[in-house]
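Q: Take these sequences, add in the hints, and give me the full structure.
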Amino acid sequence: MSSGALTNIAAHLPEMARRQPETPALYIPMGRDHQYRQYSFQQLDQESNRIAHGLESIGICRGVRTALMVKPGLEFFALTFALFKVGAVPVLIDPGMGVKNLKTCLAEAEPEAFIGIPKAHIARLLLGWGKETIKTLLTVGTKLFWGGSSLQQLVAPIPPERPYTMAATTSDEPAAILFTSGSTGVPKGVVYSHGNFVAQVEQLQQIYDIRPGEIDLPTFPLFALFAPALGMSSVIPVMDFTRPGSVDPRNIIDPIQRFNITTMFGSPALINRVGTYGRKNNIQLPSLKRAISAGAPVPAVVLERFTTLLADGVQVYTPYGATESLPVCSIGSAEILNDTRFAPDRGKGFASASRSPAFTWRSSRSAMSRSKPGRMT
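Throughout the sequence shown, residue numbering follows the numbering used here, covering -18 to 358 in sequence.
There is no bait here: all hints are sound.
No more than 30 angstroms apart at the CA atoms, straight line, and that leaves these computed lysine-lysine pairs for BS3-like:
| no. | residue 1 | residue 2 |
| --- | --- | --- |
| 1 | K112 | K81 |
| 2 | K52 | K84 |
| 3 | K52 | K81 |
| 4 | K52 | K116 |
| 5 | K116 | K100 |
| 6 | K116 | K169 |
| 7 | K169 | K84 |
| 8 | K124 | K81 |
Since the hints were derived computationally from the structure, they do not count as laboratory data.
A: Shown next, in the form of structure tokens:
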């Protein structure tokens, strides 16, 4: 793929809507009574088209940096794909990093537009987020005194069937700015290109053998954005995404068993909590074909505990590079538990990047070699 090739990461969504229009793309929890509402690939694509038209009408278009602070749900996913479709650059920040870091990250990203729930807009006003650069406001929910537009009113006159021609972005054109939680230091902003996202999809599919028709449980919402490109349905769990380590394990185990989840992503803290509960209660998760954990060190004992819930041969993979270009490299729990966890005892040391003897990194064919994202300057 040449650096100037026309590509848009959002193009995967209408393609999936064409191939399997009625297949569920999202299962969204409704309250805390374990009821889910499903949205097909066609519905998600149509809703993102409507929003794309609305965004353009208020000046959120190609190249406009747009902070997005919306809870995981239909609006979050439809908005993100709509921003990709218009060629805007969503600024996506891990909400678990804390208020002080949020302000720092927004100051660094210099967004021109802000899309958020009412609570996010109130925080923006009270804490001065982006006051020097933000010119366009959009509220998901009830718009109060801060001005701007409401998403509901914006899309109301736009029919679901109205098509949208997405921006002809190039592979090296910025697609998003992502900030990590800062678990290994100051939160870092990375500019992802459309080409980088496309390369990541290819690598995730190849390295982890993800097949169309699988069902994903993303406990970090941004990872659900890869699902349409990989042909997967996503089940969004009931949890506080800012505090994965405090999740009720039953809210992870129940959807895995109910929907026959085949793949899941979870932070080490979440994997630890679910594994501890699962082993104590003799839980088995036979539908899982793989689990992926990243963002912080994953001790071998945590991997060992979680794998007792899995079928024979199923592994927990710990890729590295979530900020820069996941997966820069990856290692499975089988190798860690049978070999590398003992490396320090043999004088082999451990990878300084991980700060844990559970990690020694094995190079893989990486998305980074195809299209490397850039650090913000």
